[in-house]
Amino acid sequence: MLPDKQKFIVFIVLCIVFLSYSGFLYSHLPVSNPNFSITEAKGKTLWQKHNCTACHQIYGLGGYLGPDLTNEYSLKGSDFIHIFLQTGNTTMPNYHFSETEIQELNAYLKSVDLSGKSDPRKFSINTNGTINQ
Amino acid sequence: MELSINKAKFTPKVFILVALILLATGMLFGIIGGLQYILPGFLKEALSFEKTRPLHVSSVLFWILFASMGAVLTYLKEHIGNKLYSNYLSRLLFFLFVVSIFSILIAYFLGKFGGREYWEFPPILSLPIIIGWIIFLINFVFSLGSLKKQPVYIWMWLTGIIFFLFTFLESYLWLFPYFNNQVVNDMNIQWKSYGSMVGSWNMLIYGASMYLMTKISNDKSYAYSTKAFVLYFAGLFNLMFNWGHHIYTLPTQPYVQYISYAVSMTELLILGNIIYGWKATLTKAQKFFHRDAYRFLVAADVWIFLNLMLAICMSVPAINLYTHGTHITVAHAMGTTIGINTMLLLAVCYDILKDTCISLAPYQKMMRFGFWLANSSLLAFWIALIGAGILKVKWQMNSEQIAFSLMMQNLSPFFLVFTISGVLLLVGILLSIYPLFKNHLACFFSEK
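Protein sequences appear in the order of chains L and R. Adding 1 to a residue's 1-based position in the first sequence gives its number in this note's numbering. Adding 1112 to a residue's 1-based position in the second sequence gives its number in this note's numbering.
It cannot be assumed that every hint is accurate.
To be verified - No farther apart than 30 Å at their CA atoms in a straight line, the calculated lysine-lysine pairs in the DSSO-like style are these:
| no. | chain 1 | residue 1 | chain 2 | residue 2 |
| --- | --- | --- | --- | --- |
| 1 | L | 77 | R | 1506 |
| 2 | L | 43 | R | 1156 |
| 3 | L | 6 | R | 1261 |
| 4 | R | 1189 | L | 8 |
| 5 | L | 50 | R | 1156 |
| 6 | L | 77 | R | 1156 |
| 7 | L | 6 | R | 1156 |
| 8 | L | 8 | R | 1339 |
| 9 | R | 1332 | L | 6 |
| 10 | L | 6 | R | 1224 |
| 11 | R | 1332 | L | 8 |
| 12 | R | 1327 | L | 43 |
| 13 | L | 118 | R | 1506 |
| 14 | R | 1156 | L | 8 |
| 15 | R | 1224 | L | 8 |
Said to hold, decoys possible - Some chain R residues near chain L, calculated using beta-carbon distances under 10 Å:
| no. | residue |
| --- | --- |
| 16 | 1292 |
| 17 | 1294 |
| 18 | 1542 |
Since the hints were made in silico from the structure, they are not lab data. All C-beta atoms, glycine included, are put in the ideal place defined by N, C-alpha and C.
Starting from the given sequences, assemble the full structure and let the hints guide the process.
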């Protein structure tokens, strides 16, 4: 049986390492100088307000009913996104977005597109099992 | 005849009752969601998928939270052999969580969202959860008194409670512009918190199942052993650092991938070891006496091994690259949530709500049938999701991709199987829990 003192020491050490790692991650975010415009920020708010993540993914995270939209902007273009947001389709309801809202969502998807690539075919696999973009 | 809910009769069992209702509700919304996969446009105007999914997810998450809180409070009371520090705090916790889940479900029906994965409700509704959880922590700590010479499940519960609070608060860092001003920054912290949060409620569930196994075996020695604590610390290490497998493809710092790859997903193996060790010490008579609860522990054991294989594969970045964003991830999530967490919690429910007010003997056949139906349906459900995932892997790695909608049409046979098996799973679970529910209601509501 482990003495209580040893248990407390292990627990406290793990907590200190965890909190240090968390603090380090908070202070070293992947993108150090983000340039998020007001329009893009409003687009993100709309994205969340309509719970788009229930059906769509960004970087493979989110719902499965609709396609991953990480690079939809560069793949399909803003006009395609514009029309889709205006009309919806068989599965996606028409949210009756205003012209401004469509532009904001388009701007948000453009900023997501510029942040990186989610297509798994664009990655390389290393011999140790890790991956690189 | 008048029915009353006597305040003096309030026990943590009430958490279990609400938990079981939420489990059934969550599965019902899951089936509606499944139908929306196979019948595009189904309920599109009245209850479209952006509502159905959070209704399903939140109901199921609150099933886990309510059942875990009920289990921890009930077992803590048994463990200390005394009353909890404050019955009033338990009632307040219950009240806050009931208000929370009702408000959340109503918000979804009204189309009011916060739009975050898992916690898709408006952020203001997280306040009663945070306050309630702090109350839970206070009640736990003051009821326990001291951590000295405590078995491992007490450590697991305390860890689960503290880390859920930490990660839940962390998941709301996005409210600060510093974290929310770029999609990669936001997702990095979001999935750091979510990955550890899953580990924290696993601590509550695994701790409760370990306590239950201690009861079944009438042997407390393992819960105090060095091996149990070593495995617990290994689990805690995983909780803290294995979350990166969610974001291997996110353009974040490389060390996030390396650290998570090294430590990921051994927690299930740890639990498998623990259950396996205990099974060997049980006598047949003991097994027979607790057979209903024990059946679910055995089922969880099988699901641990199935999901462990999947988890190990998915923890390797090179394999995760293929499975990420496909239904294989869903199979893993469903396998662990239903196959492991729900089976363990149902075992706990059987132990806590056993035949105290009515005899469950007349329902034995029904419960056994429900058990087998639930587990065989879950297997079909799980395999269908893996099948759909494999086809999606082929699609997303193909150099000449067909349209997303055509790919989804190709997956429809798998969606049909998982929807039908989802219905059968719900029936199986309902047959399993109906007698417990009836017994609990008989105890809870009494004639004046």
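Among the hints numbered above, which are violated by the structure, and what are their numbers in rising order?
As far as the earlier hints go, 7, 10, 12, 14, 15 and 18 are violated by this structure, in ascending order.
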